[in-house]
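Let's have the full structure, built from the sequences with the hints guiding it.
Heads up: the sequence lines are chains Y and P, in that order. No gaps in the numbering here: position 134 of the first sequence is 134 in my numbering, and each next residue is one more. No gaps in the numbering here: position 339 of the second sequence is 339 in my numbering, and each next residue is one more.
Because the hints were derived from the structure by calculation, they are not lab data. Check the hints yourself; a few may be wrong.
Think about it this way: if two alpha-carbon atoms lie no more than 16 Å apart in a straight line, the pair counts; the simulated EDC-like pairs of lysine to aspartate or glutamate are [said to hold, decoys possible]:
| no. | chain 1 | residue 1 | chain 2 | residue 2 |
| --- | --- | --- | --- | --- |
| 1 | P | 113 | Y | 57 |
| 2 | P | 113 | Y | 370 |
| 3 | P | 113 | Y | 153 |
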Amino acid sequence: MTISVDTPKETFRLSQLLYDTRYRSLTIQVIAFILLMLSLSWLVSNTVQNLQDLGKDFNFGFLSQPAGYDINQRIIDYTSQSSHGRAAMVGILNTLLVAFLGCTVATVIGVLVGVLRLSKNWVVSRLMAVYVEGFRNVPLLLWIIMIFAIMSEAMPQPRDFREGGTASMLLGDSMAITNRGIFIPKPIWHDGSTILGAVFLLSLVGIWAFRRYAHKRQEQTGDILPVLWVSLGLFFVPTILFYFLLGRPVTLEYPELGGFNFQGGIQVRNSLIALWFALSLYTGAFIAEIVRSGILAVSKGQTEAAFALGLRPNRTMNLVILPQAMRVIIPPLISQYLNLTKNSSLAIAVGYMDVRATLGGITINQTGRELEGMLLLGLFYLTASLVISSVMNVYNNRMKLKER
Amino acid sequence: MKKTILLGALTVAGLAATAASASTLDDVRARGKLNCGVTTGLAGFAAPDANGVWQGFDVDMCRAVAAAVFGDPMAVEFVPTTGQTRFTALASGEVDMLARNTTWTFSRDVDLKFEFAGTNYYDGQGFMVPKALGVTSAKDLDGATVCIQTGTTTELNLADFFRANNISYEPVPIETNAEGLQQYGAGACDAYTTDASGLAASRATFENPGDHIVLPEIISKEPLAPLVRHGDNQWGDVVRWTLNAMITAEELGVTSANVRELAAAAGDNPEVNRLLGTEGELGAMLGLSADWAVNAIAAGGNYGESFERNIGSSTPIGLARGLNALWTNGGLLYSPPFR
Ligand SMILES: N[C@@H](CCC(=O)N[C@@H](CS)C(=O)NCC(=O)O)C(=O)O
Numbered sequence: 001m002t003i004s005v006d007t008p009k010e011t012f013r014l015s016q017l018l019y020d021t022r023y024r025s026l027t028i029q030v031i032a033f034i035l036l037m038l039s040l041s042w043l044v045s046n047t048v049q050n051l052q053d054l055g056k057d058f059n060f061g062f063l064s065q066p067a068g069y070d071i072n073q074r075i076i077d078y079t080s081q082s083s084h085g086r087a088a089m090v091g092i093l094n095t096l097l098v099a100f101l102g103c104t105v106a107t108v109i110g111v112l113v114g115v116l117r118l119s120k121n122w123v124v125s126r127l128m129a130v131y132v133e134g135f136r137n138v139p140l141l142l143w144i145i146m147i148f149a150i151m152s153e154a155m156p157q158p159r160d161f162r163e164g165g166t167a168s169m170l171l172g173d174s175m176a177i178t179n180r181g182i183f184i185p186k187p188i189w190h191d192g193s194t195i196l197g198a199v200f201l202l203s204l205v206g207i208w209a210f211r212r213y214a215h216k217r218q219e220q221t222g223d224i225l226p227v228l229w230v231s232l233g234l235f236f237v238p239t240i241l242f243y244f245l246l247g248r249p250v251t252l253e254y255p256e257l258g259g260f261n262f263q264g265g266i267q268v269r270n271s272l273i274a275l276w277f278a279l280s281l282y283t284g285a286f287i288a289e290i291v292r293s294g295i296l297a298v299s300k301g302q303t304e305a306a307f308a309l310g311l312r313p314n315r316t317m318n319l320v321i322l323p324q325a326m327r328v329i330i331p332p333l334i335s336q337y338l339n340l341t342k343n344s345s346l347a348i349a350v351g352y353m354d355v356r357a358t359l360g361g362i363t364i365n366q367t368g369r370e371l372e373g374m375l376l377l378g379l380f381y382l383t384a385s386l387v388i389s390s391v392m393n394v395y396n397n398r399m400k401l402k403e404r
Numbered sequence: 001m002k003k004t005i006l007l008g009a010l011t012v013a014g015l016a017a018t019a020a021s022a023s024t025l026d027d028v029r030a031r032g033k034l035n036c037g038v039t040t041g042l043a044g045f046a047a048p049d050a051n052g053v054w055q056g057f058d059v060d061m062c063r064a065v066a067a068a069v070f071g072d073p074m075a076v077e078f079v080p081t082t083g084q085t086r087f088t089a090l091a092s093g094e095v096d097m098l099a100r101n102t103t104w105t106f107s108r109d110v111d112l113k114f115e116f117a118g119t120n121y122y123d124g125q126g127f128m129v130p131k132a133l134g135v136t137s138a139k140d141l142d143g144a145t146v147c148i149q150t151g152t153t154t155e156l157n158l159a160d161f162f163r164a165n166n167i168s169y170e171p172v173p174i175e176t177n178a179e180g181l182q183q184y185g186a187g188a189c190d191a192y193t194t195d196a197s198g199l200a201a202s203r204a205t206f207e208n209p210g211d212h213i214v215l216p217e218i219i220s221k222e223p224l225a226p227l228v229r230h231g232d233n234q235w236g237d238v239v240r241w242t243l244n245a246m247i248t249a250e251e252l253g254v255t256s257a258n259v260r261e262l263a264a265a266a267g268d269n270p271e272v273n274r275l276l277g278t279e280g281e282l283g284a285m286l287g288l289s290a291d292w293a294v295n296a297i298a299a300g301g302n303y304g305e306s307f308e309r310n311i312g313s314s315t316p317i318g319l320a321r322g323l324n325a326l327w328t329n330g331g332l333l334y335s336p337p338f339r
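Shown next as structure tokens:
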């Protein structure tokens with residue numbers, strides 16, 4: 001049995017790589033890949049070559065050498081004898097501190113302004129619009145420098161607080177606003193303060209459990225428990241009670257004028273204030289727009305339906321609009337948090353000792369390890385950003401529309 | 001495929017070869033001007049005047065090198081650098097040399113791979129405070145807020161000084177001298193510390209210089225020196241010997257006023273003749289023209305002239321020669337001989 005084998009034999013010609021659609025995209029990808037690899041290898045070999053020409057090697061040993069410089073704002077112990085690695089750590093914590101403070105305040109401002117901008121009150125909504133447009137249309141750097149300049153030029157000097165001086169402390173002599181920063185009382189933790197902390201944590205757990213219980217009960221029986229009042233009570237009463245029962249284990253250390261400056265208390269430096277507030281106000285303006293767009297994205301029919309069911313306006317907002325708006329709000333909010341964290345490196349303008357200033361500034365300068373330092377710095381910002389966005393993504397997944 | 005890889009490898013090799021630069025002197029010649037790193041502005045040392053022309057003691061150093069290379073002291077592009085950016089600017093080739101109140105230290109020379117071309121100002125770190133503070137010694141500064149420029153030897157010395165004396169301070173890090181003075185002027189720091197020459201220069205720009213005093217303690221040695229990258233000895237020699245030519249010229253009485261005349265024909269002092277190229281081949285050995293030193297000296301004068309005109313006792317800055325007098329006058333300036 002012979003069947004004619006007339007089907008033309010596939011012969012592969014080189015030109016097919018270009019003209020045959022079956023191969024073309026593969027060809028393009030291979031070429032693109034090779035070009036990419038070539039330019040990468042050129043970059044690496046060029047770097048190696050140039051380092052060699054300069055007589056420099058590539059090593060991270062400098063991180064264990066003594067740093068030799070002082071840092072004013074330290075969250076962990078550090079002296080000029082500590083290592084460059086530790087100095088980098090101090091800087092990292094300072095970056096995280098300002099990023100955390102900034103994100104918190106920016107969110108509060110953003111949500112408030114975003115909601116108020118939709119207010120029916122003309123004056124309020126216009127004022128919010130002015131804030132949003134004013135802050136997001138002027139470069140962040142200017143806001144940072146402006147707040148810093150106001151703090152250091154317009155605030156009184158510590159010596160003005162002396163007897164007969166022109167300035168005086170606020171809030172019952174517990175706080176001083178000076179041109180070197182704001183001095184506030186510092187909590188001193190004595191024996192028994194751990195118990196107090198545990199009580200406070202337990203009452204937080206209590207609030208959470210009560211809310212769950214109240215929610216369940218409402219679903220089953222329709223009864224509404226006074227959640228707000230019970231939560232507030234749980235928040236304050238046990239902690240305050242134990243504070244006195246334990247004999248006041250936490251006291252406040254007030255700042256006092258001594259020598260050149262205020263001593264004691266916590267000094268919130270100008271550099272931190274300028275960076276923190278500028279970042280919050282600037283990012284807050286963007287968040288306000290995100291919140292507004294999120295709310296507007298929920299169709300009007302939802303509000304009308306809620307009203308028709310007899311829900312009052314603020315319950316409509318809390319129970320119907322915001323949960324749906326959150327789905328629109330969270331993804332762009334993540335970007336704003338990432339922006340804020342990276343923008344914190346504008347600390348350079350006011351001498352805030354963040355990781356850019358310690359590892360990426362003084363350390364690089366004193367050791368000449370530009371490449372190593374910059375790589376580590378990039379790695380830090382990358383890691384920080386990835387951690388923030390993955391945490392926020394977990395939250396996003398919880399808020400996402402669950403199709404049942 | 002093989003072809004692509006081969007071609008690629010060739011390109012890589014070719015590009016890498018261009019990245020490894022030719023000699024700095026050739027680069028500077030090809031460019032037609034010298035890129036010189038200076039401060040962002042320090043009166044008397046390097047600052048643009050009312051017409052935007054850079055003037056000062058360090059600027060004269062750059063101009064002398066440009067004159068030695070091109071015969072034209074104006075063939076300089078001044079690149080302002082801060083304490084933090086200066087070394088990267090030099091290492092990356094953005095500038096050919098730095099003349100920027102930079103202290104010659106072991107680690108900068110050996111570890112950061114720079115070559116210092118000889119000290120052009122012997123300095124030390126001091127403190128300035130408002131008179132009203134009533135402080136008379138740096139040891140009284142316990143608890144004070146001190147403004148410092150970051151990326152300098154200043155901040156390292158400061159940490160050492162306070163630790164050694166077991167007193168505390170609050171550092172306020174700033175990027176440039178101008179920022180430091182603004183903070184100091186606003187009273188955001190009690191004291192300002194930097195090289196004593198920088199303090200004198202800054203104090204001279206105040207409205208009432210008399211309201212501020214420089215404390216007696218000098219807490220460090222700061223030999224300020226022009227510097228270049230390691231590894232290009234010819235270029236290092238050009239800068240080193242231009243500085244030496246300025247110092248030697250002062251020693252031999254060669255000034256910007258008489259240098260052309262002295263260079264017109266060989267005179268009876270053989271060292272003057274060798275310096276000015278009327279005898280011997282020193283210029284050619286450096287790879288420069290025979291009259292390189294003549295041009296360098298004519299540019300901003302000899303060392304003493306440049307010092308007096310920019311920072312000397314007749315200027316508002318009013319620095320005495322002190323350690324920076326010639327060795328023949330009891331100072332430390334001592335150039336190796338031109339032969
Ligand atoms: N000599 C020290 C300090 C150099 C320094 O910071 N000098 C100051 C003033 S003496 C300066 O040049 N400032 C000018 C600027 O801010 O650009 C060093 O090399 O680290």
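Results of checking the hints against the structure:
1. Between residue 113 of chain P and residue 57 of chain Y, the direct Cα distance comes to roughly 11 Å. Compliance with the 16 Å bound is thereby established for this hinted pair.
2. Between residue 113 of chain P and residue 370 of chain Y the CA atoms are separated by roughly 13 Å; this keeps the pair inside 16 Å, and the hint holds.
3. Taken as a hint, the residue 113 of chain P and residue 153 of chain Y pair is broken in the structure, with Cα atoms around 41 Å apart against an allowance of 16 Å.
Checked against the numbered hints above, the structure violates only hint 3.
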